[in-house]
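Listed below are the residues making up each chain.
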Amino acid sequence: MRVALFVPCYVDQFYPQVAIATLQVLERLGCEVHYPARQTCCGQPMANSGFEHLQHGCNELISELFDGYDYVVGPSGSCVLHIKHHLHANNEQAAARIRSRVHEFAEFLTDILKVEKIEAHFPHKVGMHQSCHGQRGLHLSQMTELVAEPFSKPEQLLRMVEGIEFSTLDRKDECCGFGGTFCVFEESVSAKMGKDRVADHARNGVEVITGADMSCLMHMEGILRRQKRNIRVMHIAEILNSR
Amino acid sequence: MSSKDLILQRVQAAAPKGRTLPVVEQPANAAAFDVVHKFTEVLNAIGGKVVLLLQGQTVAEAVREVYGEAAILSVSQHATFDTLPDDAAANPHMLQNIEVALMDAQFGVAENGAVWLTENEYKVRALPFICTHLAVVLKRDALVPYMHHAYQRVNAGGDYDFGLFIAGPSKTADIEQSLVLGAHGPKTMTVFLVG
Amino acid sequence: MSVEEQMIVPERKHLPTGEHAQLAEMFNRDEDRVNWHDETLWWIRQKRDKAAWQIPEWEWLRQTASGIKDYVLDNLHTLLQQFEAQAIANGATVHWAADAEEHNRIVHSILQQQGVARVVKSKSMLTEECGLNEYLHEHGIDVTDTDLGERIVQLAGEAPSHIVLPCIHWKKEEIGELFHKYLGTPEGNADPQYLTGAARMHLREKFLTRKVAITGVNFAVAETGEFVVCTNEGNADMGTHLADVHIACMGIEKLIQKREHLGVFLRLLARSATGQPTTTYNSHFRRPGPGQQLHIVLVDNGRSKQLASDDFRNSLKCIRCGACMNTCPVYRRSGGHSYHYAITGPIGAILAPNLDMKKHADLPFASTLCGSCSNVCPVEIDIHDQLYKWRQVLSQEGYAPKAKAVAMRGAAWVLSKPALYKLGGKVARLVLKYVPWLAANGLNPWYKQREMPAPPRQSFGEWYAKNHKQS
Numbered sequence: 001m002r003v004a005l006f007v008p009c010y011v012d013q014f015y016p017q018v019a020i021a022t023l024q025v026l027e028r029l030g031c032e033v034h035y036p037a038r039q040t041c042c043g044q045p046m047a048n049s050g051f052e053h054l055q056h057g058c059n060e061l062i063s064e065l066f067d068g069y070d071y072v073v074g075p076s077g078s079c080v081l082h083i084k085h086h087l088h089a090n091n092e093q094a095a096a097r098i099r100s101r102v103h104e105f106a107e108f109l110t111d112i113l114k115v116e117k118i119e120a121h122f123p124h125k126v127g128m129h130q131s132c133h134g135q136r137g138l139h140l141s142q143m144t145e146l147v148a149e150p151f152s153k154p155e156q157l158l159r160m161v162e163g164i165e166f167s168t169l170d171r172k173d174e175c176c177g178f179g180g181t182f183c184v185f186e187e188s189v190s191a192k193m194g195k196d197r198v199a200d201h202a203r204n205g206v207e208v209i210t211g212a213d214m215s216c217l218m219h220m221e222g223i224l225r226r227q228k229r230n231i232r233v234m235h236i237a238e239i240l241n242s243r
Numbered sequence: 001m002s003s004k005d006l007i008l009q010r011v012q013a014a015a016p017k018g019r020t021l022p023v024v025e026q027p028a029n030a031a032a033f034d035v036v037h038k039f040t041e042v043l044n045a046i047g048g049k050v051v052l053l054l055q056g057q058t059v060a061e062a063v064r065e066v067y068g069e070a071a072i073l074s075v076s077q078h079a080t081f082d083t084l085p086d087d088a089a090a091n092p093h094m095l096q097n098i099e100v101a102l103m104d105a106q107f108g109v110a111e112n113g114a115v116w117l118t119e120n121e122y123k124v125r126a127l128p129f130i131c132t133h134l135a136v137v138l139k140r141d142a143l144v145p146y147m148h149h150a151y152q153r154v155n156a157g158g159d160y161d162f163g164l165f166i167a168g169p170s171k172t173a174d175i176e177q178s179l180v181l182g183a184h185g186p187k188t189m190t191v192f193l194v195g
Numbered sequence: 001m002s003v004e005e006q007m008i009v010p011e012r013k014h015l016p017t018g019e020h021a022q023l024a025e026m027f028n029r030d031e032d033r034v035n036w037h038d039e040t041l042w043w044i045r046q047k048r049d050k051a052a053w054q055i056p057e058w059e060w061l062r063q064t065a066s067g068i069k070d071y072v073l074d075n076l077h078t079l080l081q082q083f084e085a086q087a088i089a090n091g092a093t094v095h096w097a098a099d100a101e102e103h104n105r106i107v108h109s110i111l112q113q114q115g116v117a118r119v120v121k122s123k124s125m126l127t128e129e130c131g132l133n134e135y136l137h138e139h140g141i142d143v144t145d146t147d148l149g150e151r152i153v154q155l156a157g158e159a160p161s162h163i164v165l166p167c168i169h170w171k172k173e174e175i176g177e178l179f180h181k182y183l184g185t186p187e188g189n190a191d192p193q194y195l196t197g198a199a200r201m202h203l204r205e206k207f208l209t210r211k212v213a214i215t216g217v218n219f220a221v222a223e224t225g226e227f228v229v230c231t232n233e234g235n236a237d238m239g240t241h242l243a244d245v246h247i248a249c250m251g252i253e254k255l256i257q258k259r260e261h262l263g264v265f266l267r268l269l270a271r272s273a274t275g276q277p278t279t280t281y282n283s284h285f286r287r288p289g290p291g292q293q294l295h296i297v298l299v300d301n302g303r304s305k306q307l308a309s310d311d312f313r314n315s316l317k318c319i320r321c322g323a324c325m326n327t328c329p330v331y332r333r334s335g336g337h338s339y340h341y342a343i344t345g346p347i348g349a350i351l352a353p354n355l356d357m358k359k360h361a362d363l364p365f366a367s368t369l370c371g372s373c374s375n376v377c378p379v380e381i382d383i384h385d386q387l388y389k390w391r392q393v394l395s396q397e398g399y400a401p402k403a404k405a406v407a408m409r410g411a412a413w414v415l416s417k418p419a420l421y422k423l424g425g426k427v428a429r430l431v432l433k434y435v436p437w438l439a440a441n442g443l444n445p446w447y448k449q450r451e452m453p454a455p456p457r458q459s460f461g462e463w464y465a466k467n468h469k470q471s
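Protein chains in written order, with my numbering: chain A, 1 to 243; chain B, 1 to 195; chain C, 1 to 471.
It is worth saying that the hints were derived from the structure and are not from the lab.
Heads up, a few of these hints could be off.
Unchecked claim - For lysine-lysine, the following DSBU-like pairs were computed, each having C-alpha atoms within a straight-line distance of at most 30 Å: (1) C/K402 <-> C/K358; (2) C/K359 <-> B/K4; (3) C/K211 <-> B/K187; (4) B/K17 <-> A/K84; (5) C/K305 <-> C/K258; (6) B/K17 <-> C/K305; (7) A/K195 <-> C/K13; (8) B/K187 <-> C/K171; (9) C/K211 <-> C/K13; (10) A/K195 <-> C/K47; (11) C/K305 <-> A/K195; (12) C/K171 <-> C/K181; (13) C/K389 <-> A/K84; (14) C/K211 <-> B/K49; (15) A/K84 <-> C/K172; (16) A/K172 <-> C/K171; (17) C/K258 <-> B/K4; (18) C/K181 <-> B/K187; (19) B/K17 <-> C/K417; (20) C/K258 <-> B/K139; (21) B/K17 <-> C/K389; (22) C/K47 <-> A/K172; (23) C/K404 <-> B/K4; (24) A/K195 <-> C/K172; (25) C/K258 <-> A/K84; (26) C/K211 <-> B/K123; (27) C/K389 <-> B/K38.
Stated by the list, open to error - Beta-carbon label-pair distances, calculated as ranges: (28) C/M26 <-> A/G205: 32 to 40 Å; (29) C/T93 <-> B/Q55: 48 to 56 Å; (30) B/G18 <-> C/N467: 57 to 65 Å; (31) C/M201 <-> B/D87: 24 to 32 Å; (32) C/G140 <-> B/D87: 28 to 36 Å; (33) B/T83 <-> C/T93: 31 to 39 Å.
C-beta: ideal position from N, C-alpha, C; glycine also.
So that you can see chain A by itself, here it is in the shape it has in the complex:
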């Protein structure tokens, strides 16, 4: 199957290892992965700030670059959700095709590739961060607000990794406070939310905070490093790619 790799802009520029891991895992699982090199951004930073009318440039690029593949896969719940809900372009048919074929990385593995086994080794205690857009938007995992059966696609995959241990958090799915431009326009609340998330992980003996969205992890990493804590962040793709 022909898969186009969508790389979130901040992953491309600041966390390339996440995209590399995503690529390698997909290829190892038998996908023919293409990387449209002219891609930039999904447009969410503008849209969530009230400027969705400015994202047509991004939309045009996406509809041009990502059409014609069996699937489009990206290591970000929030970007994928945004494309799924807000991609409209001059070529509306291409946009519609992409919207119906775009998947977040974990859900692609569980729902499309139906992965049951992963060759990976990661003997560490991890804390699962349930990024909000992926969880409540894409339903990557069940949210604690609903009276419904619990499940978690990212966790399901990580449990296939040898040696991994999960910590139980006090608040399983509270937002980390990144929120896009919220992180700077409402700095005090954003940082406080991040500090509280980090503290929850620290209290529960987490060595590595992981999740499906690098934006959340970037925000928590900023706090972890300012606090000089011995906890690191890694995207699930990196853990699934660990030998």
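Dock chains B and C against the given chain A, drawing on the hints supplied.
Frame of chain A, contents of chains B and C only:
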């Protein structure tokens, strides 16, 4: 144009979408339970008390046992104590020093420990609020499981000018979420289960 | 004159002005207090979860309540008229108020007719929305808020900070000081039981002496013309049943069609609000009491405008439970007053801009769009989607800060041009590596409490071009 006409005009112009009413019936997956047991469990948990009459015990005896020497005003069909003054409905202020008020509920709701009463039965609206301790007589076979059934009974129970569900004593947690029983209404509420 | 009569209640301070971000920043200066506020409200969210999980059909209840309210909104024109006709036949007087001002005038005129200058009022967010207390105060009417939490903030000269838990931001020691000052309780006594007992005595005197009681309305039933008032304290009933006149104020969206629908809503309301199976009292007022007058004031105040909007109509389904506030991670860490509106938190943020876009343009941005609110809402309001949509409306209407608009246009331009984006990214990484202080300084809000990300040597795009041959 009157405000009424203006508001109605605006509301009508707001393009209704013609959606239909959902079916409202008790879902099949609702939990089943013994209504007396559940009612007792819930009412106790929310600060009320349930008293089961002993074999051969009268309501009056059971009530006396709980309230000792306190003055009791009764509008219940099941027990006689002090009676309501004739003009109490017109002058409810005269009831402000009532210690214990005893009245009958039409039925109770197991899921939330509530009893339903109307002004038709207990005569003076203020009575279950102005007393210090509220006592209610409820027949065991007048317990329904859920609010869905409760409203079937309310609708079948005839007209009322004022009716209410009471679930336990008055309470508040407004001071740092500390639960205090006895806010402006009664400080205690006891249900006497008969039959 | 008794001690009670001598007590001068402070005038209500105006709601804070300023933007949510600034007010939240001030709130966050006392981190211990923020933790206390956050943990208290999270605990209430957990109580709600515990109550909901005891009901396997909980999600069905939410869907059904949502569907009932959808029907009400679609048929509001008919249902309002039906309600009015029934209520009038029941002996009530029905008034219609197009806006907050008119509502206040109507209430005042009823008081003037009665020759009354002192009233008791139970919790009504509608009256808060209309600024009734301030209006009546200006016209020489003494209003006693009888809900304990509301009485506390009234004595403090503040607005409530939560629609269900008015003084959630007050510690018991502070309440103790307040009661010592105004009710004569012993100094240093912070025992909730004792303080509540003092309030009981203090407010009982009001109930017994006031001739007019004002209440809100939780649900109004079109079919029968009755309405339901839900309290734990019994204060609405103590006020109304001892008064000569009952004035019930309600937003026009508070209608439901049939009495039996209460069987759905009364299962959801208290569980969503505080985790209780029900409020202590669910009082159904159908007709005036013996010798009593019953007035019902139906208020529009922007609701018909909201009703006309496909995007924002759903906000009118709100039953004012406060669950959205309890779950909102931003509300818990910024406090109700940072929303500078009578209705706070997520639901406030989608209601307020409808009334005043300029004043409340900041509110829809006081959110990470996490979506928790929409999923605790008992009537399934798509709150977080509406927050997103309000952002678009507000920016289009020109209420975005200029600097942000400029930055966004710049970002959009760069991101639409792959070569520029790649160059921009490379420059950013080089700056972070070689002149980090350009970003890592006090002017950069990110840097205040977080380190900048470590700049990698190459972007993924660069790595891919060098290391990976397309097959």
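Is A/K195 within 30 Å of C/K13, Cα to Cα?
-> With Cα atoms ~33 Å apart, A/K195 and C/K13 exceed 30 Å; violated.
Indicate whether the distance between the beta carbons of C/G140 and B/D87 respects the range 28 to 36 Å.
-> 33 Å, holds
Starting from the range 57 to 65 Å, see whether the pair B/G18 and C/N467 falls in it by beta-carbon distance.
-> For C/N467 against B/G18, whose Cβ atoms are near 59 Å apart, the range 57 to 65 Å holds.
Under the criterion that the straight-line Cα-Cα distance not exceed 30 Å, is the pair C/K211, B/K123 satisfied?
-> Holds, at roughly 21 Å.
Can the restraint linking C/K389 and A/K84 be considered satisfied, given a maximum Cα separation of 30 Å?
-> 16 Å, holds
Restraint check for C/K404 with B/K4, where alpha carbons must lie at most 30 Å apart = 43 Å, violated
Is the hinted pair C/K305 and C/K258 satisfied, with a Cα-Cα distance of at most 30 Å?
-> Status holds; Cα separation ~25 Å.
For the pair supplied as a hint, C/K359 and B/K4, confirm whether the alpha-carbon distance does not exceed 30 Å.
-> 28 Å, holds
Straight-line alpha-carbon gap C/K171 to C/K181, limit 30 Å | 16 Å, holds
For the pair supplied as a hint, B/K187 and C/K171, is the alpha-carbon distance within the 30 Å limit?
-> Roughly 24 Å separates the two Cα atoms, so the pair holds.
Would the pair C/K258 and A/K84 pass a check requiring their Cα atoms to be no farther apart than 30 Å?
-> 40 Å, violated
Evaluate the given range 32 to 40 Å for the C-beta pair formed by C/M26 and A/G205.
-> Cβ of C/M26 to Cβ of A/G205: about 35 Å, so the range 32 to 40 Å holds.
When each numbered hint is compared with the structure, violations occur for hints 7, 11, 14, 15, 19, 23, 25, 27.
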